[in-house]
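Undergrad: These protein sequence lines map, in sequence, to chains A and B.
Under our numbering, the first residue of the first sequence carries the number 1, and numbering increases by one thereafter.
Under our numbering, the first residue of the second sequence carries the number 1, and numbering increases by one thereafter.
Just to be clear, a hint being listed does not mean it is correct.
[To be verified] Distance windows between CB atoms, simulated:
(1) A:R77 x B:R45: 35 to 45 Å
(2) A:P91 x B:N59: 27 to 37 Å
(3) A:D232 x B:E24: 33 to 43 Å
(4) B:T40 x A:P360: 28 to 38 Å
I should point out that these hints are in silico values taken from the structure, not numbers from a laboratory.
Virtual Cβ for every residue (Gly too), placed ideally from N, Cα, C.
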Amino acid sequence: MTSPPLLQTLTPTFRYSTIGEVGGPHARLLSGPPRGAGAESLDGHLTRWGVNPLLVRPAEMRTALRSSGLQGRGGGRFPLSMKLETAMLAPGVPVVVVNASESEPASAKDDTLCRLRPHLVLDGAAAVAAMVGAGEATIHLHRSARGAREAIEAAVAERRSLIAGDPWWRVSVGPDRYVSGEASAIASFIDGGEARPRFSQAPMAVRGPSGRPTVVSNAETVAHLALLCRWDVAFWRAGGSLSSPGSQLVTVAGAVAEPGRVFEVVGEVGIGEVLMASGILSPPAAVLVGGYAGTWVQGAVAWSTSFEPAALEQIGAQAGCGLLGVLPHGSCGLAETARVVAYLAGETAGQCGPCVSGLPTLAATMEALARGELRRRELRRLRSLCDRLIGSGACRHPDGVVRLVRSAIEVFEDDVVRHLSGAPCRGASHAPILPIPDLDAASAGWR
Amino acid sequence: MSVEVRIDPTLCRGYAICALLFSEGVELDAWGYGRVIDATPAGRRAAKRAIRAAKACPNGAIRVISGGDGEGWGP
Numbered sequence: 001m002t003s004p005p006l007l008q009t010l011t012p013t014f015r016y017s018t019i020g021e022v023g024g025p026h027a028r029l030l031s032g033p034p035r036g037a038g039a040e041s042l043d044g045h046l047t048r049w050g051v052n053p054l055l056v057r058p059a060e061m062r063t064a065l066r067s068s069g070l071q072g073r074g075g076g077r078f079p080l081s082m083k084l085e086t087a088m089l090a091p092g093v094p095v096v097v098v099n100a101s102e103s104e105p106a107s108a109k110d111d112t113l114c115r116l117r118p119h120l121v122l123d124g125a126a127a128v129a130a131m132v133g134a135g136e137a138t139i140h141l142h143r144s145a146r147g148a149r150e151a152i153e154a155a156v157a158e159r160r161s162l163i164a165g166d167p168w169w170r171v172s173v174g175p176d177r178y179v180s181g182e183a184s185a186i187a188s189f190i191d192g193g194e195a196r197p198r199f200s201q202a203p204m205a206v207r208g209p210s211g212r213p214t215v216v217s218n219a220e221t222v223a224h225l226a227l228l229c230r231w232d233v234a235f236w237r238a239g240g241s242l243s244s245p246g247s248q249l250v251t252v253a254g255a256v257a258e259p260g261r262v263f264e265v266v267g268e269v270g271i272g273e274v275l276m277a278s279g280i281l282s283p284p285a286a287v288l289v290g291g292y293a294g295t296w297v298q299g300a301v302a303w304s305t306s307f308e309p310a311a312l313e314q315i316g317a318q319a320g321c322g323l324l325g326v327l328p329h330g331s332c333g334l335a336e337t338a339r340v341v342a343y344l345a346g347e348t349a350g351q352c353g354p355c356v357s358g359l360p361t362l363a364a365t366m367e368a369l370a371r372g373e374l375r376r377r378e379l380r381r382l383r384s385l386c387d388r389l390i391g392s393g394a395c396r397h398p399d400g401v402v403r404l405v406r407s408a409i410e411v412f413e414d415d416v417v418r419h420l421s422g423a424p425c426r427g428a429s430h431a432p433i434l435p436i437p438d439l440d441a442a443s444a445g446w447r
Numbered sequence: 001m002s003v004e005v006r007i008d009p010t011l012c013r014g015y016a017i018c019a020l021l022f023s024e025g026v027e028l029d030a031w032g033y034g035r036v037i038d039a040t041p042a043g044r045r046a047a048k049r050a051i052r053a054a055k056a057c058p059n060g061a062i063r064v065i066s067g068g069d070g071e072g073w074g075p
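Given the sequences, and given the hints that come with them, work out the whole structure.
TA: The following block contains the structure:
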């Protein structure tokens with residue numbers, strides 16, 4: 001693994017597309033021991049990857065990162081190099097945080113990465129810290145992610161004083177709330193405050209809650225940085241598409257044999273191929289793309305679309321957290337959406353007017369629609385409620401809920417008509433498809 | 001004097017005083033919370049009204065920053 005095939009660099013027009021699995025032959029981030037082997041040890045990691053050769057040469061790392069075009073994989077797709085350069089220009093020593101607190105209930109990519117390849121995440125975090133000149137790096141997880149936390153803590157213990165150039169490690173565990181995974185909420189929590197999104201005038205990379213520049217980056221994003229420091233940049237880029245270089249992790253959830261299984265999409269791979277790899281052999285009724293704050297897409301449309309940002313944009317979707325939620329034929333997408341919206345409406349931070357006043361109404365309206373108790377003119381009101389919610393509040397939480405609701409009304413148009421006529425479809429009484437987490441009591445607060 | 005006006009939605013409780021004192025720059029949304037419609041009001045008069053609104057907000061949700069030096073009114 002130390003020397004990538006040169007073929008990729010010599011013939012940049014040649015691309016290969018494939019689906020990688022943990023321990024599989026085509027995997028990049030997920031290459032190495034199989035799933036059953038658990039977390040890869042430091043020995044195993046160093047045997048396969050060696051130490052990061054650029055860790056002591058931050059300037060070269062910055063150049064590699066800039067030419068890679070690596071984008072944030074938490075959903076924002078913001079270029080990591082831009083975030084780091086902003087933080088470096090801002091006054092003060094930057095705070096470096098790896099966001100491994102995967103809030104999307106059906107997503108498992110960051111959890112899988114932390115549990116199985118903790119050293120890739122730490123290598124990436126060390127690279128970020130070295131580039132911005134921070135002596136400390138924090139890995140932040142949800143309290144319920146016990147497996148990931150154990151793996152990360154064990155990995156930190158293994159590395160202590162062994163890897164030259166490592167920052168001082170901190171592992172932080174916060175509440176399991178949906179909005180607590182948002183970057184400003186994490187930064188606030190690490191600064192000793194509540195894990196609720198903050199409103200700020202300046203970007204966090206300029207000035208975070210602590211007053212210092214703050215870099216919060218997703219676990220998958222920094223793990224890619226670990227590969228990038230060891231590989232030829234063109235080879236790394238060829239793992240993705242032009243609009244999003246580098247391979248990407250995808251979680252398949254919903255009506256599949258093994259919900260929560262994580263795949264690595266290498267090159268431009270159709271959503272249909274990913275679903276086939278998880279045992280779905282023909283287009284389902286619909287696919288929820290990008291997470292609970294994502295969009296429903298007709299199964300047949302999704303099937304032939306590549307899982308990469310530019311292609312997804314064409315069908316009105318976003319890669320988001322990399323979730324593909326499968327809705328089988330015969331199920332009711334409106335009932336599923338109503339359950340998810342009710343969950344998201346209950347998961348607000350309760351800070352801003354739109355979430356406090358608007359989302360409960362939105363959830364109640366979706367619930368009425370799912371039950372077949374909504375009247376035609378109330379549907380119009382639902383649409384205008386969506387219009388008013390978009391772009392409001394301190395974080396993007398309302399936007400995500402609105403995106404989901406709008407896509408549901410569009411994709412399940414026939415169902416909407418049926419439900420408006422007074423009777424829900426038969427699918428509405430089916431067992432739920434998408435998982436809704438039970439909030440444990442320990443996470444009732446914001447600390 | 002050029003200023004920049006922002007409302008912190010996490011602090012706004014819908015007192016609506018800003019919409020009275022600085023009506024050209026703030027409107028109320030569907031639920032009665034303030035929303036900035038003109039973040040960079042032109043003219044000394046408008047800037048003064050924005051500062052007055054910021055000082056009057058019971059929850060300190062309005063921030064007015066004077067252009068360039070980053071000096072602000074409100075929290």
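Undergrad: A separate judgement is required for each hint: does it hold in the structure or not?
TA: Each hint tested on the structure:
For R77 (chain A) paired with R45 (chain B), a C-beta distance near 42 Å keeps the hint of 35 to 45 Å intact. Range check, P91 (chain A) to N59 (chain B): Cβ separation about 30 Å, and the 27 to 37 Å hint holds. For the pair D232 (chain A) and E24 (chain B), the supplied restraint of 33 to 43 Å is violated, since their beta-carbon distance comes to about 57 Å. In this structure, T40 (chain B) and P360 (chain A) meet the distance hint of 28 to 38 Å, their C-beta atoms being roughly 34 Å apart.
When the structure is compared with the earlier hints, a violation turns up for hint 3 alone.
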